Amino acid sequence: QKEVEQDPGPLSVPEGAIVSLNCTYSNSAFQYFMWYRQYSRKGPELLMYTYSSGNKEDGRFTAQVDKSSKYISLFIRDSQPSDSATYLCAMSYGSGNTPLVFGKGTRLSVIA
Amino acid sequence: DAGVIQSPRHEVTEMGQEVTLRCKPISGHNSLFWYRQTMMRGLELLIYFNNNVPIDDSGMPEDRFSAKMPNASFSTLKIQPSEPRDSAVYFCASSPGGLAGGWSTDTQYFGPGTRLTVL
Chain A
-13 QKEVEQDPGP LSVPEGAIVS LNCTYSNSAF QYFMWYRQYS RKGPELLMYT
37 YSSGNKEDGR FTAQVDKSSK YISLFIRDSQ PSDSATYLCA MSYGSGNTPL
87 VFGKGTRLSV IA
Chain B
521 DAGVIQSPRH EVTEMGQEVT LRCKPISGHN SLFWYRQTMM RGLELLIYFN
571 NNVPIDDSGM PEDRFSAKMP NASFSTLKIQ PSEPRDSAVY FCASSPGGLA
621 GGWSTDTQYF GPGTRLTVL
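If you read the protein sequences in the order shown, they are chains A and B.
The numbers in the working numbering rise by one with no breaks, and the one at position 35 of the first sequence is 21.
The number in the working numbering is simply the position in the second sequence, starting from 1, with 520 added.
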């Protein structure tokens, strides 16, 4: 079993829809949780990060972490065609600067 | 700031040839990471450095891969000899934090990647 599981999609939604993306993980030692967005033929860029369990909101984006279930989610409200990208969840074991363990990514298309 | 710079952006080579990928991290960043992305395996860590010192190279697939960071502004990833299964996108990322850094500032910034094709 891979440490981080993520449904690869593809996921196609109409403009304005609420999008729900999620990942599960197996190692309870993960403490820091991130979502990266990757446009085609570009490098990943950090979208959201949270420490431990809880919610974090930034504009149209909300990240949720449930450590008891080993489950993290990213919600996108009022989705736009410019949100079309691959979304990668990532997590890390420790504080400071440690490597990230990524999910394989979910490809999202928002149709105008 | 120009961000993380990688070169070349694309590389096509024949099996058995030596390949060298280059990375210039963001100025002032203390940590540098090399990741590889494939359709089958996703994005995986190869090796990372803190303050130019290799910390963990357990992700390097085999002895054909080597990485160096001779100074704070430059790193290389070398594959010798290259094989078709090495075909992938190789990303370099840098981060401002070191071993004593606080997480809140330790975002990893990724370069645009090098797309490697080994024929």
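Please keep in mind that the hints were generated in silico from the structure rather than gathered at the bench.
It is possible that part of the hints are untrue.
What the hints assert, rightly or not - Which chain A residues face chain B? A few, computed with CB under 8 Å, are given here: (1) S14; (2) K28; (3) G29; (4) P30; (5) E31; (6) L32; (7) P85; (8) L86; (9) I97.
Bear in mind that the values here come from a model prediction, so they are computed numbers and not experimental data.
Every residue gets a Cβ at the ideal spot worked out from N, C-alpha and C, and that includes glycine.
Verification of the supplied hints:
Hint on S14/A is violated. Least Cβ distance to chain B is approximately 18 Å, over the 8 Å limit. Checking K28/A against chain B: minimum C-beta separation of about 6 Å stays under 8 Å; hint holds. Taken as an interface hint, G29/A checks out: its beta carbon lies about 3 Å from the nearest beta carbon of chain B, inside 8 Å. Satisfaction of the interface hint for P30/A is found here, the shortest Cβ-Cβ separation to chain B being roughly 5 Å, below the 8 Å cut-off.
Annotation: interface hint on E31/A holds; nearest CB of chain B at approximately 7 Å, less than 8 Å. Given the 8 Å rule on beta carbons, the hint for L32/A holds: about 5 Å separates it from the nearest Cβ of chain B. At its closest, the beta carbon of P85/A sits 4 Å from a beta carbon of chain B; the interface hint therefore holds under the 8 Å criterion. Interface hint status for L86/A: upheld, as the beta-carbon distance to the closest one in chain B is roughly 6 Å, under 8 Å.
Because the beta carbon of I97/A sits about 24 Å from the nearest beta carbon in chain B, more than 8 Å, this interface hint is broken.
In summary, the numbered hints that this structure violates are 1, 9.
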